[in-house]
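K.L.:
With the first letter of the sequence shown counted as 1, position 74 gets the number 74 in UniProt numbering; the numbers rise by one all the way through.
Worth flagging that the hints you see were computed from the coordinates, not collected in a lab. All of these numbers come straight from a predicted model, not from anything done at the bench. You may find that some hints are simply not true.
[Stated by the list, open to error] Each computed PhoX-like pair below joins lysine-lysine, with the alpha-carbon atoms no more than 25 Å apart:
| # | residue 1 | residue 2 |
| --- | --- | --- |
| 1 | LYS158 | LYS106 |
| 2 | LYS99 | LYS18 |
| 3 | LYS7 | LYS94 |
| 4 | LYS102 | LYS135 |
| 5 | LYS18 | LYS106 |
| 6 | LYS166 | LYS102 |
| 7 | LYS99 | LYS7 |
| 8 | LYS135 | LYS110 |
| 9 | LYS148 | LYS135 |
| 10 | LYS7 | LYS102 |
| 11 | LYS110 | LYS148 |
[Said to hold, decoys possible] Ranges of calculated distance between the beta carbons of each label pair, as one might list FRET restraints:
| # | residue 1 | residue 2 | range |
| --- | --- | --- | --- |
| 12 | GLY41 | PHE4 | 42 to 48 Å |
| 13 | ASN93 | ILE155 | 26 to 32 Å |
| 14 | VAL9 | ALA160 | 28 to 34 Å |
| 15 | GLN119 | ASP163 | 24 to 30 Å |
Every residue, glycine too, gets a C-beta built ideally from N, C-alpha and C.
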Amino acid sequence: MDQFPVKLVGLRSFLNGKERATADITLPSLTQMTDTLSGAGILGEIDLPSPGHYSSLELGIAWRTINEGVFDIADAGENSLEFRGAFQEYMVNKGLVTKSIKIVAKGQSKGIDLGTLAQNATTDTSNTVELTYLKIFIDGAAVFELDKFNYIFRINGKDALYDVRKALGLA
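Start from the sequences and build out the full structure, keeping to the hints where you can.
P.N.:
This is the structure:
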C-alpha cells in the first residue's frame, strides 16, 4: 500500500445554492435492505441485499448558533445540498497530497434541534435531512450515486440498476 488517508483539511457547505458556514456534517449510514433466502438446497439462511434499496438516509447539519440557514432548510420543499472538501493523504515517496471530495444531495427536512442557549457558548443547533438523492465524487470521479425516485444506483461507474430501469421502460 503506498497511500494512507490522513484527514479532511477544508470544507465548504452550499445549502440551496448559498454558501453557509456550518460546524460539522454527519453523513448518512449506507445500510442496504435485505431479504432472507432459505429453503431447499440452502443450509440455514442468507440475507441477500437488494441492489439500490437503502434504509433511511439521514444527514445531519450542525451549526454553531441559531441562524437563517437553519430555517432555510426547514421548509416543506426539497433542499439542494453540496459539500466540498479537501482531504490529505500521505503517499510513499511523495509525502502529503490533497484530494478533493464533493457530495451532492437532495432531501427534505425532518426536523431541527434548536440546541441550548448558554452564555459564552455555542447553541449546537442542528438540522436533520432525509435524503432521496446522494452522489459522491473523489477527485472528480463519481464513486457513488443513489437516486431513490429514478431507480439509479451506481458504484464506481457501474450502473447496478440498468436492467431494472430497462424492464420498467425507464431506460
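K.L.:
Could you run down the list of hints and mark each one as holding or not?
P.N.:
Hints, verified against the model:
Proposed proximity of LYS158 and LYS106 is supported: the alpha carbons are some 21 Å apart, at most 25 Å. Proposed proximity of LYS99 and LYS18 is supported: the alpha carbons are some 24 Å apart, at most 25 Å. The straight-line distance between the Cα atoms of LYS7 and LYS94 is roughly 17 Å, inside the 25 Å bound, and the hint therefore holds. Between the alpha carbons of LYS102 and LYS135 the distance comes to roughly 8 Å, so the proposed pair stays at or under 25 Å and holds.
Of the supplied pair hints, the one linking LYS18 and LYS106 holds, its CA atoms being roughly 14 Å apart against a limit of 25 Å. Restraint check: the Cα-Cα separation between LYS166 and LYS102 comes to about 29 Å, which exceeds 25 Å; the hinted pair is violated. Between LYS99 and LYS7 the alpha-carbon distance is near 10 Å, which keeps this suggested pair within the 25 Å criterion. Distance check on the hinted pair: LYS135 and LYS110 sit about 20 Å apart at the alpha-carbon level, within 25 Å; holds.
For the hint linking LYS148 to LYS135, the alpha-carbon distance of about 12 Å falls within 25 Å, and the restraint holds. Restraint check for LYS7 and LYS102: the C-alpha separation of about 15 Å stays at or below 25 Å, so the hint holds. This hinted pair checks out: LYS110 and LYS148 have alpha carbons roughly 17 Å apart, not beyond 25 Å. At about 44 Å, the CB distance of GLY41 to PHE4 agrees with the hint of 42 to 48 Å.
Judged by the Cβ atoms, the range 26 to 32 Å given for ASN93 and ILE155 holds: they are separated by roughly 30 Å. A beta carbon spacing of about 32 Å between VAL9 and ALA160 agrees with the range 28 to 34 Å that was offered as a hint. For GLN119 paired with ASP163, a C-beta distance near 60 Å fails the hint of 24 to 30 Å.
Against the hints set out earlier in the document, violations occur for numbers 6 and 15.
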